[in-house]
Every structure is written in structure tokens, then in C-alpha cells.
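If you're matching them up, the sequences are chains A and B in order. Numbering of the first sequence is given in our numbering, commencing with residue 15 and proceeding in unit increments. Numbering of the second sequence is given in our numbering, commencing with residue 15 and proceeding in unit increments.
In short, the hints are calculated from the structure, not lab data. Any given hint could turn out to be false.
Said to hold, decoys possible - Here are a few chain B residues that sit away from chain A, every Cβ distance over 10 Å (derived from the structure): (1) Phe105; (2) Val136; (3) Leu236; (4) Phe346.
As the list claims (entries may be wrong) - Taking CB as the label site, the calculated pair distances span: (5) Ile315/A / Glu198/B: 39 to 47 Å; (6) Ile375/B / Ile346/A: 20 to 28 Å; (7) Gln130/B / Ile267/A: 57 to 65 Å; (8) Gln397/B / Leu241/A: 20 to 28 Å; (9) Leu29/B / Asn54/A: 33 to 41 Å; (10) Thr253/A / Ile44/B: 38 to 46 Å.
Quick caveat: nothing in here was measured; it's all calculated off a predicted structure. Each residue gets a CB set at the ideal place from its N, CA and C atoms; glycine is no exception.
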Amino acid sequence: MFIHNYLYRIKCIIRDKQIMFWTLLFPIVLATLFNLAFKNLHSTENFSEIKVAIVDNDEFRKNTAFINAIESVSNSESNKSTKKLFDVIYTSMTEADKLLEDNKIKGYIYFEDEIKLVVKKSGIDQSIIKSFIDDFIQTNSTVLTIINRNPEAINKGLLNNVIDRTDYLKEVSVSKSAPNTIVNYFYTLVAMTCLYGSFWGLKEVTALQANLSPQGARVSVSPTHKLKLFLASMLAATTVQLGVITVLLGYLIIILKIDFGNQLGYIALTCLVGTIMGVTFGTCITTVVKKSEGLKIGILIGFSMTMSFLSGMMYDKMKYIVSTKVPILAYINPANLITDSFYSLYYYDTHTRFFTDIAILCIISGIFSLITYLVLRRQKYASL
Amino acid sequence: MQVYKAFFKIISKNLSQIIIYFVVFISIIIILSNSNPNSVSTDFTEAKVNIAFINYDTGSKIVDGLRTHITQNANIIDIPDDTQNLQDALFFREVEYILRIPKGFTERLLSGSPMQIEKTIVPNSTSGIYIDNIINKYLNTVRLYNSSIEGLTEEELISYVENDLSKKTEVNVKASVDDTSVIEKRTYFFNYMAYVLFSVLILGISSVMMVFNNTDLKRRNLCSPVKLRDMNFQLILGNLSYAVISWFVLILVSFIMFGKYMFTTQGLLLLLNSFIFTLAALSISFLIGNSIKSKNAISAASNVFSLGSCFISGVFVPQSLMSDTVLKIASFTPSYWFVKSNNIISSLDNINFANLIPVFINMIIVIGFAVAVLAVSLVVIKQKRISVQ
Numbered sequence: 015m016f017i018h019n020y021l022y023r024i025k026c027i028i029r030d031k032q033i034m035f036w037t038l039l040f041p042i043v044l045a046t047l048f049n050l051a052f053k054n055l056h057s058t059e060n061f062s063e064i065k066v067a068i069v070d071n072d073e074f075r076k077n078t079a080f081i082n083a084i085e086s087v088s089n090s091e092s093n094k095s096t097k098k099l100f101d102v103i104y105t106s107m108t109e110a111d112k113l114l115e116d117n118k119i120k121g122y123i124y125f126e127d128e129i130k131l132v133v134k135k136s137g138i139d140q141s142i143i144k145s146f147i148d149d150f151i152q153t154n155s156t157v158l159t160i161i162n163r164n165p166e167a168i169n170k171g172l173l174n175n176v177i178d179r180t181d182y183l184k185e186v187s188v189s190k191s192a193p194n195t196i197v198n199y200f201y202t203l204v205a206m207t208c209l210y211g212s213f214w215g216l217k218e219v220t221a222l223q224a225n226l227s228p229q230g231a232r233v234s235v236s237p238t239h240k241l242k243l244f245l246a247s248m249l250a251a252t253t254v255q256l257g258v259i260t261v262l263l264g265y266l267i268i269i270l271k272i273d274f275g276n277q278l279g280y281i282a283l284t285c286l287v288g289t290i291m292g293v294t295f296g297t298c299i300t301t302v303v304k305k306s307e308g309l310k311i312g313i314l315i316g317f318s319m320t321m322s323f324l325s326g327m328m329y330d331k332m333k334y335i336v337s338t339k340v341p342i343l344a345y346i347n348p349a350n351l352i353t354d355s356f357y358s359l360y361y362y363d364t365h366t367r368f369f370t371d372i373a374i375l376c377i378i379s380g381i382f383s384l385i386t387y388l389v390l391r392r393q394k395y396a397s398l
Numbered sequence: 015m016q017v018y019k020a021f022f023k024i025i026s027k028n029l030s031q032i033i034i035y036f037v038v039f040i041s042i043i044i045i046l047s048n049s050n051p052n053s054v055s056t057d058f059t060e061a062k063v064n065i066a067f068i069n070y071d072t073g074s075k076i077v078d079g080l081r082t083h084i085t086q087n088a089n090i091i092d093i094p095d096d097t098q099n100l101q102d103a104l105f106f107r108e109v110e111y112i113l114r115i116p117k118g119f120t121e122r123l124l125s126g127s128p129m130q131i132e133k134t135i136v137p138n139s140t141s142g143i144y145i146d147n148i149i150n151k152y153l154n155t156v157r158l159y160n161s162s163i164e165g166l167t168e169e170e171l172i173s174y175v176e177n178d179l180s181k182k183t184e185v186n187v188k189a190s191v192d193d194t195s196v197i198e199k200r201t202y203f204f205n206y207m208a209y210v211l212f213s214v215l216i217l218g219i220s221s222v223m224m225v226f227n228n229t230d231l232k233r234r235n236l237c238s239p240v241k242l243r244d245m246n247f248q249l250i251l252g253n254l255s256y257a258v259i260s261w262f263v264l265i266l267v268s269f270i271m272f273g274k275y276m277f278t279t280q281g282l283l284l285l286l287n288s289f290i291f292t293l294a295a296l297s298i299s300f301l302i303g304n305s306i307k308s309k310n311a312i313s314a315a316s317n318v319f320s321l322g323s324c325f326i327s328g329v330f331v332p333q334s335l336m337s338d339t340v341l342k343i344a345s346f347t348p349s350y351w352f353v354k355s356n357n358i359i360s361s362l363d364n365i366n367f368a369n370l371i372p373v374f375i376n377m378i379i380v381i382g383f384a385v386a387v388l389a390v391s392l393v394v395i396k397q398k399r400i401s402v403q
């Protein structure tokens, strides 16, 4: 009998086109859009050679030291292979002005008594150009000071010493994965989909409760134990929702190639716990709120959206802001817990935070189930 | 004018849903306007990168000097030195550069066998290169003095270094008239309008058209003594006034936000552009409203269409950051051309006919969309009428 109920509930659920759209198609559409819009976002942070023009006048040609300096960091002629600091165009003053006006270059350098820089606005690329020229001026000043104090130094290889630069920095990566902010958007999307599983919870409880649907009234007079019916319904909802999440994850990982790390077992665990949390969230709200179905749906959507927002679906820094400013909110927000589980798997080397998240998610699902159970059990109706 | 009145009765029944969109829009705009203060400056300010500076070589004057020097180009953010905190901060770009100075660094530096400082950065990032240069410059200057002049005390050394590093290049800024952050805000406002207009128009017009397309109701209406032409005319008028009212509510916000600017040529162009876009959005909503059969499908269609077209056409993420393929696809939506014109208009420094031509071309394309979609919807309506009766 249990299996019979279970299979029929699955059929009922799969045939509900509207909820199927919101739980399955909508997240896939959103994921596609995220992917289209954000694909290039990460690469804008990457360094690319800065386009800069130099006004090629007599004063510039006389300054061989500067020519040497700029040539060593630019790839105007020979060494195109390695990435350099600048991409230099030698040109006239009016031409440089025009290039700047059309945003073809970030700035131009010209010589008039001293080195001057013209830019259109402040920014990091402009600052790099400036710091390069600063560097040149400052080195000159250093050499002059040293020669004034100790004329001997020039014979002891001061100039070679100037050219021979030491790199004092060593890059240490912070984790096995790159800090790619974009993945967080997709993690919150999975979290949102888990929460949308609450629609199934709503549907199942409505179909079981005598006061919510005629079908529920019919089921209630049958001799089957209510808990058995309820468990069959829950299991059916969880099965379908798990299938939905699997399809979504498959789409994200295989087609969109979003990096979820490679700990498949833990990812599956997160999906399972997230699904159960989502479905029980739906049953809990449906049993507790005694008003119309429209209002219940409104509450479910409102909560899902707010929680997804707080875990960074619309603005990636939101998750960080919440977890540093109001940490308690990060721990009770199921969407954030799911996002955080994926994030920990992707980014951390240890599993402490992951298991904390999963444990809290289990507790939250437990609370939702308990509330649902307490409200659902032993209800009697004087009239319907 | 019964039909016209009925139109707005149906709208007012759905008002709560529509108002949500306006409220969300206005609150986002308010958050946005408070986020960065209007500082209009024509001076050059060096970019500042958020960094974490962790120092294990305490008591070293050179490291202190380095720290002070870096503050010209970086904001030092205090983050406790624990792996997860640092990882989180880097992932969400609270800091973009983490610097860890090992114990005994100064001693080794001055004795000529330096050890390296550990840095953790967003790989290949521009900010990483920027800060690298600044730190290496400081330390190389220290090394140069230390190796060329013997017997310098740390204080003398630092004073020399600081003296050198205070030499700065003169920078001229050929600035636009307005601060870029203000320009961004305006563009964002009008771009975001595309999303709100789409949602609001699809939602409102679909709910009305669904009622009027109900077969029973339609039959009843057709046997009323009102001429079909009158009825259609009133419906069109209703649609138009609904669209104009929605547009007006939105631009009212722009008048409150930007004040006088809206009466300049640029402001008026932005208004014209948004009005033309409203017409295109109206005719698309009209098509959707006439092709949709159930109430449940309305929210699905409005969400998918408004989110979809806005995402790919650069409403939420600037067009300059998107790949060419995506933009090619996006050029089949009016919002792409709308956003494009907005970006051009608000970044114009001097307005003359020549540089407004692309804007006008975009506007004509948007009008083309409006007309084409309207034609399609008329065909759809005709088809439906034939099949129903």
C-alpha cells in the first residue's frame, strides 16, 4: 500500500506543470542567464597590458634612460610573447589627445621640462602608469642622493645595482581553488531551487488535509494511517525534488562547466539535506499558516527570495557582509547554509565548516518536520 | 467608455502585485544613491586597493615605513591571521592582496640576503601587479641605499627613502564635466527601468487581456450595443494610458533623484529614449497578453521574458563586460538598443548632431521593434478570432 501511494503521489507531482516549471525550468533559465551575463565578469579583473601613448618629441628622444626603462616593460616591438606592463604607441601630441578622447588609450606621457601624464579619469590602470613614472623619477633622485653622499658608489657598480631589481614577493595561494566570486551565484541558485522544493511540500499537505482540499477529505476517511500516507507523500516529494536538483546540478557542472570541486559524495549529501530542508519548509509553512493558498505561496516565495538574497544571489558581497556583521543570520538562513556548504567544498581544504553547515541544516529540517507533525496529527473537524 | 473603465478596474484588482515591482525598483535606487557619496573631483586620485597587512617582523622601522608608504595606494583592512578568515575575505574581495612579512625579514634585507614576503592575491589581477610594483619599489630603494652607502642608521635610511618616494609625477586630468559615479548612477537608473517596465507592463496588460479574451465574456461583449471598433479603440487607449502612467511614475522618481539634470538636453534625451522603449515594451506585452491562456502562465512569462532580456542586454551587468556572442543574441531584444542609447547619452561630453546619430538610429530600431511586434500580435488576434468563432 505504501508503495502504491508513493508511486501515485509521484505521478501527481510530475504532472503538476506549474510547479515543475518553477522548480525545474526556471532555475535552469536563470542559470543560463547568469552564465551568459557573468562569464566575462571574472576576466575583467585580470591584468591586461595597459594601452598608453608617448608623445614622441625631441625632449623624449634625448631622455635615453626613460626610453630604456619604458622599453623594458612594454611590448611595442620585439618580445610579444611574455606579458608586459604596457602596450605603447609613439605618436604626436594632437593624435594622443584624440586617442585619449576616444578611450583608445588610458593615458599619455609627454615631456615638457619634466615628465607629465595626461589621463581622462582616475583608476587603477592610470595609477599603474603613474606609479611607473614615479618609479623612474624616484630612482633618479635616489641615484643623485647616493652620488652626492658617496661618489665612490658609481665605481662600485651602482648603476648595475639600480637595474638589477630584486623581487621581494612570493605568491602563496590561499586555497586549492581560485577565489572566483562568480561560482557563488550558482551556489545560491541551487540553494534557491532547494527552497523552491517547498512548493511540493505545500502541494502534498494540501492534498492530505481534509480542510484544504476535497481530495484530502477523501483520503482522511480511508483506513490508512495518516502518518503512513504522509510519509509516502514526503518521500515522493523528496524523490522528485532530488531528481530536479540532480538535473540542475548536471546542467551546471556538465554544460555550463561551473566548478563545484570534485568531492561528489559530499555534494550529493548537501543536495539531499537541502532537498529535505526545502520540502519540510513547505509543509511547515502550509500547516502553520491558516490562510489562503495564495498567501502561503506568497510567503514561500518571499522567504525563498529574501534568504537567497542574503546568501548573495543578487549581490555577491551580501554573503560576506551578513557573515561578518550579523553572523547569527548566516547560521539560521537555510539558503546561506546550502550555499556555504558548496562554497566550503569548493574553497576550503578542511571540512569543519562543511559539517557544521550540514548539521545545522539537519537541525532546521528536524524542527520543520516536528512542527508539521505536531500540527497535522489527530485533527478532527466538526464540519467541512 | 465602459471598456476603458473596465480596463482600469482589472488593473486595480492586480495592483498589489504591480506595486511590488515599483517598490523594489525605488528601494534599489535609493540604496544605490546612498552607496557612494557624490564627490565631484577633477583631481587625480590614485587607486586604492584593500589589503591585509600581517606583520611578524615587529619593531622594524623599515617595515613600519613600508606600511606607511603603502597607505598612499592601499587601504589596510584588519583581518585576523587565520586561514578561513583570510580565504573568505579574499573570495568576496574584502581584500585583494594579503601580505605576510616573515620574522627576521629586516635583518636579512639589511645583511644582503633577503627572504621573500608571502603575498596572496587574486591570480593575475591588475590590483596585484599594482601593489607588487609599489612594494618592490620601496624595498629596492632600501636595498640600493643600504648597499651603496655604508654605516647608515635605519632612521637615516628611511628618511632618504621617504624623500625619494615623495617625488611624484604631475598628472593632468582631462575630465568629463561630471563625476563618473554620478553618470553611472543615472545610466543604471534608466537601464534598470527596462526591467521594471517590462515586468509591470506584461503583468498588467496580460491580466486585462486574459479577461477580455475569455471566450464567454467575449461573446457577451460582442452582442452588446457597443461597436467593435469603439471597444477596440477604448482597449487601445487603455493600454496606452496604462503604459504612459507606468512610465510617468518611473520618470517622476528620476526627477526627484536627479532634479535639474533631467531638464538638460541629456536628461530630455534619456526621457525620450525611455518613452520610446515604453512603446516597444507595450507592444511586446500586448503580444504576450494575447497569446497567454492561463493566469499561472503570466508570472512565468513575465519573469522569464523580463529577466531574460534584461540579463543578456546589459541591464544588470554592463554591456562592456559581456561577450560578443551574448550581445549578438541580445540585439534581438529592444532592451539591448535601449541600454546602448542610455550608455551613449549619459557619457556624452558635448552634444551635437553628429554624435547623436547612433542614438537616433537605436531609437528607430526600438520603434521598429514596437511596430513589428504589434503587427505580429494583430495577426495572432485575427487567427484567434477565426479559430474561436
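Each hint tested on the structure:
The claim that phenylalanine 105/B is not at the interface with chain A is violated, since a C-beta of that chain comes within 10 Å of its own (minimum 4 Å). The non-interface label for valine 136/B is inconsistent with chain A: the shortest C-beta to C-beta separation is roughly 6 Å, within 10 Å. Here leucine 236/B stays apart from chain A, with its beta-carbon at least about 31 Å from theirs, past the 10 Å limit. Distance check for phenylalanine 346/B against chain A: the nearest CB is about 13 Å away, which clears 10 Å, and the non-interface claim stands.
Look at isoleucine 315/A against glutamate 198/B: about 31 Å separates their beta carbons, and that is not inside 39 to 47 Å. The beta-carbon spacing between isoleucine 375/B and isoleucine 346/A, approximately 53 Å, falls outside the hinted interval of 20 to 28 Å. Glutamine 130/B and isoleucine 267/A have their C-beta atoms about 38 Å apart, which leaves the hinted 57 to 65 Å range violated. Our hint of 20 to 28 Å for glutamine 397/B and leucine 241/A is violated, since their Cβ atoms are close to 53 Å apart.
Between leucine 29/B and asparagine 54/A, the C-beta spacing of about 39 Å keeps the proposed range 33 to 41 Å intact. For the hinted restraint 38 to 46 Å between threonine 253/A and isoleucine 44/B, the CB-CB distance of approximately 44 Å keeps it satisfied.
Violated hints, listed in ascending order, are 1, 2, 5, 6, 7, 8; each of the other numbered hints is respected by the structure.
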